[in-house]
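Trainee: For the protein sequence lines, the chains are A and B, in the order given.
Residue 619 in this note's numbering is what sits at position 78 of the first sequence, and the numbering runs on without skipping anything.
Residue 80 in this note's numbering is what sits at position 79 of the second sequence, and the numbering runs on without skipping anything.
Honestly, the hints are just simulated from the structure, not real lab data.
There is no bait here: all hints are sound.
EDC-like, lysine to aspartate or glutamate: derived pairs with alpha carbons at most 16 Å apart:
1. B/Lys38 x A/Glu727
2. A/Lys644 x A/Glu629
3. A/Lys611 x A/Glu576
4. B/Lys252 x A/Glu678
5. A/Lys731 x A/Glu562
6. B/Lys252 x B/Glu43
7. A/Lys543 x A/Glu562
8. B/Lys252 x A/Glu663
9. A/Lys599 x A/Asp609
10. B/Lys219 x A/Glu653
11. B/Lys219 x B/Glu190
12. B/Lys72 x A/Glu727
13. B/Lys232 x B/Asp42
14. B/Lys69 x A/Glu562
15. A/Lys644 x A/Glu634
16. B/Lys72 x A/Glu730
17. B/Lys72 x A/Glu562
18. A/Lys644 x A/Glu691
19. A/Lys645 x A/Asp705
20. A/Lys644 x A/Glu626
21. B/Lys252 x A/Glu727
So the chains spell out like this:
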Amino acid sequence: MKIAVIKYNSGNVQSVLYALERLGAHPILTDDPNEIKSADRVIFPGQGEASTAMGYLKARGLDQVIRDIKQPFLGVCLGLQLLCEHSEENDTECLGIFPVKVKKFIPENSQEFKVPHVGWNELENLKANPLLKDLPENPFVYYVHSYYAELSEATIATTHYIHDFTAILNRDNYWAIQAHPEKSSEVGEKLLSNFLSI
Amino acid sequence: MLTKRIIPCLDIKDGRTVKGVNFVQLRDAGDPVELAKAYSDEGADELVFLDITATVDKRKTLADLVTKVAKAINIPFTVGGGISTVEDVKVLLNAGADKISINSAAVKNPGVIDEMAREFGSQCIVVAIDTRDVDGTDYVHTHGGRKPTLLQTQAWAKEVADRGAGEILLTSMDHDGTKAGFANEITSEISSALSIPVIASGGAGNMAHFKDVFTFGKADAALAASIFHFKEVPIPELKSYLDEEGIVIRK
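Let the hints inform the model, and build the full structure from the sequences given.
Mentor: And the structure:
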């Protein structure tokens with residue numbers, strides 16, 4: 542199976558590659574549109590800043606490549622946010638795969654709720670979905686983010702921090718996870734292996 | 002609910018894990034890759050990897066050791082020691098680190114925090130602060146705690162948060178190595194004043210000290226080294242204890 546991990550000018554894609562290798566996969570890191578188009582699975586990892594990452598994608602025509610993709614596609618963290626419609630982070634127009642807005646966490650009480658949301662938190666309200674197959678009940682995943690996707694029809698799992706937000710999205714061949722499965726111990730490994738089995 | 006985090010710290014010197022008392026008298030505690038894997042498997046929430054000689058020796062943290070550790074574990078991994086430029090950060094993130102921690106370089110050139118946060122996002126920039134009580138006032142120290150500065154700790158913590166740090170790793174030099182408990186007072190003061198997470202470090206000696214730093218110290222995470230390395234406090238037991246004590250923890 543050919544797995545393409547989209548290379549872009551921000552974030553730590555390396556840990557995603559290592560996580561896939563631990564599952565026995567042989568991912569390639571690429572920003573070549575042809576390599577991405579011909580892959581069986583495409584993973585769009587994330588960390589970094591929205592407008593910079595969007596600028597990088599547009600400069601290489603990858604925004605259109607991502608919109609046209611038909612094979613199973615997984616966005617992670619910033620990757621989830623960029624698949625949405627718009628992000629409040631530097632007022633960035635995103636890819637619009639999911640008709641969802643990305644907002645900044647605003648804590649009412651900064652002592653109780655800090656931003657960024659850093660650490661292990663639970664996935665809740667899991668829907669029946671191949672990505673979520675055989676997960677334990679309310680499993681813990683690792684988060685590091687200051688922006689979140691609003692709840693939507695495409696939400697297949699939520700997490701509670703300050704309020705409920707979208708933990709995982711799915712529409713057609715696109716899946717997206719706000720947490721970092723590559724850093725979420727056995728639960729993360731299960732999510733990634735489920736994605737490879739879709 | 003968001004959990005409190007338990008973070009073993011691997012202090013690295015010449016490719017081995019070491020931990021001293023009050024940052025001197027280093028003794029060997031094992032192979033960092035083996036230790037990292039063991040911690041990851043037994044339920045550590047995160048790992049910190051500090052090249053404690055890096056600043057002193059003007060050496061850069063070894064990227065290949067970072068890669069070996071990152072390949073072996075499936076939990077978040079912060080790397081610190083001798084990091085001073087955006088380029089240093091890039092090298093370490095590409096090697097497999099999830100976050101980097103800066104200390105002396107931030108004190109010397111605070112603008113570098115803004116620069117790194119802009120380039121890589123606040124979420125991967127941890128600012129480590131070594132603090133010591135000097136005649137009743139808390140001052141920032143650098144170079145493994147040896148060099149006092151004129152920066153007052155609480156004011157510096159606020160400044161680094163304003164400049165874009167994503168987390169603060171607060172080490173009390175007065176408590177480090179004593180096993181008498183974390184510095185709950187200053188940890189609480191800083192954690193309450195800031196909107197970013199604070200990792201408490203220095204002084205862990207038993208399981209109750211962790212409960213104290215999460216409750217009285219208002220810490221978001223607690224870091225320790227030797228009590229984990231020498232198996233005085235096993236992480237699974239610590240987590241069961243904290244769970245029973247009503248602290249939200251990942252099981």
